[in-house]
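Listed here are the chains, written in short residue letters.
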Amino acid sequence: METQLETRPTNPQPGQELCGASSARDRLRRIVEEHYDFIWRLLRRIGVPADGVDDAAQEVFLVALRKLEAIERGSERSFLFGTALRVASDRRRARARSREVPTADELDAADHAPAPDELTDQRRARQALDEVLDAMADDLRVVFVLYELEGMTSGEIADLIGVPAGTAASRLRRAREEFSRQVKRIRARLGRTGGQS
Amino acid sequence: MSDPKRLLDGGGNELEVALLKSARQDGPSAGARQRALVALGIGTGAAVLSAKATAAAGATAAARGTTLSLLKWVGIGVLGGAATVGIAQTVTTAAPHETVPSAPVSASVREMPRAAAPVTALQPSASAPTPAASAPIRMFVPAVDPPVESARPTLADEVAALDRAREAVAAGQPARALSVLDDYGRRFPGGTLAQEATVLRIEALAASGDKEGASRLGQGFLEKNPGSPHAARIRTLIGASPIP
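Note that the protein sequences, when read in sequence, are chains A and B.
So in our numbering, spot 185 of the first sequence is number 185, and the numbers just go up one at a time.
Position in the second sequence (from 1) plus 1000 gives the number in our numbering.
One or more hints might be untrue.
[What the hints assert, rightly or not] Derived contacts from chain B toward chain A, CB cut-off under 10 Å, selection only:
hint, residue
1, L1008
2, G1010
3, G1027
4, R1035
5, A1036
6, I1042
7, S1215
8, Q1219
9, G1220
10, L1222
11, E1223
12, N1225
13, G1227
14, I1238
[Unchecked claim] Residues of chain B clear of chain A, computed beta-carbon distances all greater than 10 Å:
hint, residue
15, E1016
16, K1021
17, A1039
18, F1188
19, G1209
20, A1240
What the hints contain is simulated information worked out from the structure, not anything from laboratory work.
As the structure is a computational prediction, the values presented were derived from the model and not from experiment.
All C-beta atoms, glycine included, are put in the ideal place defined by N, C-alpha and C.
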């Protein structure tokens, strides 16, 4: 999904920069309004910590702002999706580099491994979900999130991520297997550590 | 080839369903999108930014009138087909986003330290031309009601100052432009729009006949910011050879 910024004159005259800006501004606003929630949820589920998602989402749309003219009409969602993957990846890498300074969520999770009955607590369940998803390979995780949480079909996912339908379906199958495997791992751990609680 | 039954639709076991259901509670706060719009300069500008008008008339008036100006300086380059300025505006978060009720968006756009990671690292394509040295800076718009009496200069103030300088240059009054830019430098040391101020200074120097000063400043800028979106403009101003 390569996008190139058009080469243009770099010296607008006073007022010139507002010419045509209105429709572009309207377009950007529509893009934000239509896709913000999806991008926010996607970022969250592909590894951006809760306290960084607003920020990451804005980065995605800032990139869209800067590349607006290069985004083909009708492919906004795909552009945002690809950008969100990169933003999330950058943030995960940055987080990994600063592992010695765990986030509040991580501290909380480490200090308080959930007991089985606590999984009814939504927050604990989300932590466990994060853990499961974090353990999945990126390509599987994305497909899994889009299918199981965003309700997309495998065909829609194939279009969005730019792979053949068969590839998307195959990834989905493997993703579900991996998800089940990771959930079993969590269940086994809970059985060891939380059975007495 | 039909899609499998979704885990949440009965295809998963109890624990799988419990974990997946927890994600349903996770979403942007009600005000997050609006704050993003404001940060991008396309929020319901006046309506949002003037929410505190009575409490912060001065700052709010600047902010209201500045929505378009912010676009001009912050990103309108793309919208209008000109070079990007390369500034990231980022809204601070209201902490957890799990169905957190949103707080009113602040009237003021606040200036924050230059501490953010370059947005250029986030470009969708590694091969896409990026204004690598545009020194992206995040601007933070408070997510919750902040003290509105703050006397700290805002991005709106910076925009207003540079607008005055730009108008002076356009009016053929380089001396006045330089005076305005001197004032800008004093008021906003390390300002968010420092690069833009430098470009204007080079223009003003060139317009005043100080070609040597313009060239010196321009060369210094190009050495420090070879990938700046302003580089081509500066090369033109100082008569430097364009990069082949």
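Tested hints:
1. Below 10 Å, beta-carbon pairs count as interface contacts, and B:L1008 has one with chain A at about 7 Å; its hint therefore holds.
2. Below 10 Å, beta-carbon pairs count as interface contacts, and B:G1010 has none with chain A, the closest being about 12 Å; its hint is therefore violated.
3. Residue-level restraint check for B:G1027 holds (minimum Cβ-Cβ distance to chain A is 6 Å; threshold 10 Å).
4. Hint status for B:R1035: holds, given a least beta-carbon distance of 7 Å to chain A, under 10 Å.
5. Using the Cβ-Cβ criterion of 10 Å, the hint placing B:A1036 at the interface with chain A is satisfied: the shortest such distance is roughly 5 Å.
6. At its closest, the beta carbon of B:I1042 sits 5 Å from a beta carbon of chain A; the interface hint therefore holds under the 10 Å criterion.
7. Of the supplied interface hints, the one on B:S1215 is violated, with its beta-carbon coming no nearer than about 17 Å to a beta-carbon of chain A, more than 10 Å.
8. A hinted interface residue such as B:Q1219 counts as satisfied when its beta carbon comes closer than 10 Å to some beta carbon of chain A; here the least separation is about 18 Å, so the hint is violated.
9. The beta carbon of B:G1220 comes no nearer than 19 Å to any beta carbon in chain A, farther than 10 Å, and the hint placing it at the interface is violated.
10. Restraint check, B:L1222 versus chain A: the minimum CB separation of about 14 Å is more than 10 Å; hint violated.
11. This hint is violated: B:E1223 has a C-beta 19 Å from the nearest C-beta of chain A, more than the 10 Å allowed.
12. Given the 10 Å rule on beta carbons, the hint for B:N1225 is violated: about 13 Å separates it from the nearest Cβ of chain A.
13. With a cut of 10 Å, the hint placing B:G1227 at the interface with chain A is violated, because the nearest CB-to-CB distance is about 13 Å.
14. At about 13 Å, the closest approach between the beta carbon of B:I1238 and any beta carbon in chain A exceeds 10 Å, and the interface hint on this residue is violated.
15. Annotated as non-interface, B:E1016 brings its C-beta within 10 Å of a C-beta of chain A; the closest such distance is 5 Å.
16. Here B:K1021 does not stay apart from chain A, with its beta-carbon only about 7 Å from theirs, under the 10 Å limit.
17. With 10 Å as the threshold on Cβ separation, the claim that B:A1039 sits away from chain A is violated: the shortest Cβ distance comes to roughly 6 Å.
18. No beta-carbon of chain A comes within 10 Å of the beta-carbon of B:F1188; the shortest separation is about 21 Å.
19. Once the 10 Å rule is applied to beta carbons, B:G1209 is consistent with being away from chain A; the minimum gap is 20 Å.
20. Separation of B:A1240 from chain A is adequate, the least Cβ-Cβ distance of about 14 Å exceeding the 10 Å criterion.
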